[in-house]
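S.K.: Based on these hints, arrange chain X on the given structure of chain H.
What follows is the residue order along each chain.
Protein chains: 2
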Amino acid sequence: MAVTEQAITPAARQAARALAAAGQGAKNDALEAIAAAIERRAGEIIAENRLDVEGADGERPAIIDRLTLTDTRVAGLADAVRAVAALPDPIGTTIRELTLENGLHITKQRVPLGVILIVYEARPNVTVDAAALCVKAGNACVLRGSRLARHTNAVLLDVVREGIAEAGMPPDAVQALGEDRAELARFVADPHAADVVIPRGGEELKDFLLETSRIPVLAAAGGNCHVYVDASADPAKAVAIAVNAKTQRPGVCNAAETLLVHRDRETLLPELRAALEGAGVELREDEEAWATEFLDLKMGLRVVDSLDGALQHIATYGTGHSEAIVTEDAAAAERFTREVDAAAVYVNASTRFTDGGEYGMGAEIGISTNRLHARGPLGLEELTTTKYVVVGDGQVRE
Amino acid sequence: MAVTEQAITPAARQAARALAAAGQGAKNDALEAIAAAIERRAGEIIAENRLDVEGADGERPAIIDRLTLTDTRVAGLADAVRAVAALPDPIGTTIRELTLENGLHITKQRVPLGVILIVYEARPNVTVDAAALCVKAGNACVLRGSRLARHTNAVLLDVVREGIAEAGMPPDAVQALGEDRAELARFVADPHAADVVIPRGGEELKDFLLETSRIPVLAAAGGNCHVYVDASADPAKAVAIAVNAKTQRPGVCNAAETLLVHRDRETLLPELRAALEGAGVELREDEEAWATEFLDLKMGLRVVDSLDGALQHIATYGTGHSEAIVTEDAAAAERFTREVDAAAVYVNASTRFTDGGEYGMGAEIGISTNRLHARGPLGLEELTTTKYVVVGDGQVRE
Chain H
1 MAVTEQAITP
11 AARQAARALA
21 AAGQGAKNDA
31 LEAIAAAIER
41 RAGEIIAENR
51 LDVEGADGER
61 PAIIDRLTLT
71 DTRVAGLADA
81 VRAVAALPDP
91 IGTTIRELTL
101 ENGLHITKQR
111 VPLGVILIVY
121 EARPNVTVDA
131 AALCVKAGNA
141 CVLRGSRLAR
151 HTNAVLLDVV
161 REGIAEAGMP
171 PDAVQALGED
181 RAELARFVAD
191 PHAADVVIPR
201 GGEELKDFLL
211 ETSRIPVLAA
221 AGGNCHVYVD
231 ASADPAKAVA
241 IAVNAKTQRP
251 GVCNAAETLL
261 VHRDRETLLP
271 ELRAALEGAG
281 VELREDEEAW
291 ATEFLDLKMG
301 LRVVDSLDGA
311 LQHIATYGTG
321 HSEAIVTEDA
331 AAAERFTREV
341 DAAAVYVNAS
351 TRFTDGGEYG
361 MGAEIGISTN
371 RLHARGPLGL
381 EELTTTKYVV
391 VGDGQVRE
Chain X
1001 MAVTEQAITP
1011 AARQAARALA
1021 AAGQGAKNDA
1031 LEAIAAAIER
1041 RAGEIIAENR
1051 LDVEGADGER
1061 PAIIDRLTLT
1071 DTRVAGLADA
1081 VRAVAALPDP
1091 IGTTIRELTL
1101 ENGLHITKQR
1111 VPLGVILIVY
1121 EARPNVTVDA
1131 AALCVKAGNA
1141 CVLRGSRLAR
1151 HTNAVLLDVV
1161 REGIAEAGMP
1171 PDAVQALGED
1181 RAELARFVAD
1191 PHAADVVIPR
1201 GGEELKDFLL
1211 ETSRIPVLAA
1221 AGGNCHVYVD
1231 ASADPAKAVA
1241 IAVNAKTQRP
1251 GVCNAAETLL
1261 VHRDRETLLP
1271 ELRAALEGAG
1281 VELREDEEAW
1291 ATEFLDLKMG
1301 LRVVDSLDGA
1311 LQHIATYGTG
1321 HSEAIVTEDA
1331 AAAERFTREV
1341 DAAAVYVNAS
1351 TRFTDGGEYG
1361 MGAEIGISTN
1371 RLHARGPLGL
1381 EELTTTKYVV
1391 VGDGQVRE
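Line by line, the protein sequences are chains H and X.
Every letter in the first sequence is one number past the one before it in my numbering, and letter 134, counting from 1, is 134.
For my numbering, count along the second sequence from 1 and bump the result up by 1000.
Chain H extracted, bound-state conformation (with noise of 0.2 Å):
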């Protein structure tokens, strides 16, 4: 890119004045060259993936598993792009709607947020589904990838900028910032730079963020999530539960890291503790074990008096993130439903589903557990904000 840093906004914004003024189709039909342009050029992603590979030798191999590309693998980056085009679009739809007695009409509609800036690791992925996504929703977005994923990256973005002209829509629409955390930095000092900074995974990169952005930050903040079996929790559903929250993907934000026990509810603690012990999970029972996010087999363990008990736990150790509980107790599960102050809040089902596949919204660029904007998976919704719409027939104001 020869796009110099201080550019990129400007572009951006311009890009963006296109993206919002275009239909539906304008914007499929710059999804499907995206998609086209994939396919077209699928050796040399490969080639330059190939590249990014050799460099990260030394990696962990879960690291070089997600950052290499095949062949069916670049097929599902295209498809990946079918699939947001293939999804409704927000932009347009009326959120609210009334007349006035003075007959002016008013419509709160959806519109695209502006200039998104999505910050992610080495998964080539997310270039393409990010700048899909961003595109979908009227969006301009500027990706900055890794530096492990660079050679990747550089011809992904080449070829989503390739599908976008093709179409007729500026290719300004997705840009790149590059991977100098110092260029990061100065980038997020400018609160007009974005209108909101997105970071997919990476703890370190997103507390980085959270801390010195002066663009707003939709991210999880913090995945410290607890299950609570209830007094009348079922057993067999306390056990898988539990069992799945914790272990079926221990690294991820939704993942359990606190079981919580109803003192009547002891005797299941000899089952409980077997099957996560035996799914290789190592419990703890002290106070710095439910202060921790542990992203690994490891839990904390507490017993507690009461359902109040539980909501305390949670109110002090939890991050607003994904809570469950375990019951047959419909009050208690209303209260807990109800006070439990969480992005998403589960009755008798596992953390894990707080995710935007899960939830129906087709796909997701990240989870917020912010207050403000949006709280929960990132859909494309998410990526919109409103605009009011009122028509007249020449009222002015008494």
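One or more hints might be untrue.
To be verified - Now the stretches of chain X that chain H is said to cover, found in silico as 3 or more residues with beta-carbon under 8 Å:
#1 1055-1066
#2 1074-1081
#3 1100-1111
#4 1150-1164
#5 1275-1288
#6 1375-1386
Stated by the list, open to error - Residues of chain X placed beyond 10 Å of chain H at every Cβ, according to the derived structure:
#7 A1086
#8 E1121
#9 A1167
#10 G1222
#11 A1231
#12 F1294
Stated by the list, open to error - Cut-off 30 Å, straight-line C-alpha distance, at most; resulting in silico cross-link-like pairs (DSS-like, lysine-lysine):
#13 X/K1108 <-> H/K108
#14 H/K237 <-> X/K1108
#15 H/K108 <-> X/K1237
#16 X/K1298 <-> X/K1237
These aren't lab readings, by the way, just hints derived from the structure by calculation.
This one's a predicted model, so the numbers in the text were calculated from it and none came from an experiment.
Backbone N, C-alpha and C define an ideal beta-carbon position, used for all residues, glycine too.
M.R.: Chain X in isolation, oriented as in the chain H frame:
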């Protein structure tokens, strides 16, 4: 208040938990108790207000008028609280609902936002209005009023807290921060001290918060609003709207600051000039005028070559608040409402309508030009966030 600054947030969070758990009836009981306490203690309120009014000797008459409470105005404060009680409760409303194939039932519900800091000028009515709106939406609030109104605010705070306590709710749902600027600066330096700051009035104070606050600020960051008279504008509507938008209340953020006229409608210029100048407006055609938010009986004027020229002018100089087109051409109206990026876009109506009361929201706590969370008038709904409630029967993620 014996409460120290550092103790405000923990006390507010604890009160917010109680309010979030309270039903509509309990919150309305608290509002009725506040209204009754205002009526019961009217004499005391007026006596304290007299101290402030005496201390404000030498201030501008408009400021003294806003500060002064009379029997009628105190009765109006109580009425305003009852009007808030009569509004529909936004909390618990289902925004989205779906049942997944696996049987999980998902609802996205409105829940309270949390802790809200309201910063305002010497308007004692804001103390009561803001507290009532926050309590109604289940939020705790921290009020930071003006030193000019300190005696009035102190007694009103005591009255409001007394009403809340009488209804069995925690009085720390409404607290106050001292009037010292340094205290405000310290408070907003902590991103966790409140969930959002809403400044009401006071450009200098708003700029200070937008510049320094680490807590998100919901505000109208500017009000450089335009009236664009299109080629096909109806003359009578054009004149009435231009005059109303500029002069009905020139000092507010939704007043128009620049009049744009299509070259093919230049014939209307003498009439527009005569009407505006007849209403005391000084018209200025220089570029500096176009960039200025006068908040006064001054107005920029520019003849543009086309609708595109008007759109470009508004994109360059506008602040995304309220923008109006006067036109009889449906296609021009459609392009204007689609392409102008603002909180509110008007066709054949005055920009002055951007107001929560006018929009049927019952009451407003401010206006926002933010793109995140809430754009336009801020009513009860804008004082909420959301929570996903997911009910299952033992579902775990595969």
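S.K.: Look at each hint and say if it fits the structure.
M.R.: Each hint, compared with the structure:
{"no.": "1", "hint": "1055-1066", "result": "violated (count 0)"}
{"no.": "2", "hint": "1074-1081", "result": "violated (count 0)"}
{"no.": "3", "hint": "1100-1111", "result": "holds (count 5)"}
{"no.": "4", "hint": "1150-1164", "result": "violated (count 0)"}
{"no.": "5", "hint": "1275-1288", "result": "violated (count 0)"}
{"no.": "6", "hint": "1375-1386", "result": "holds (count 4)"}
{"no.": "7", "hint": "A1086", "result": "holds (18 Å)"}
{"no.": "8", "hint": "E1121", "result": "holds (22 Å)"}
{"no.": "9", "hint": "A1167", "result": "holds (19 Å)"}
{"no.": "10", "hint": "G1222", "result": "holds (12 Å)"}
{"no.": "11", "hint": "A1231", "result": "holds (17 Å)"}
{"no.": "12", "hint": "F1294", "result": "holds (18 Å)"}
{"no.": "13", "hint": "X/K1108 <-> H/K108", "result": "holds (19 Å)"}
{"no.": "14", "hint": "H/K237 <-> X/K1108", "result": "holds (24 Å)"}
{"no.": "15", "hint": "H/K108 <-> X/K1237", "result": "holds (24 Å)"}
{"no.": "16", "hint": "X/K1298 <-> X/K1237", "result": "holds (20 Å)"}
Checked against the numbered hints above, the structure violates hints 1, 2, 4, 5; every other hint is satisfied.
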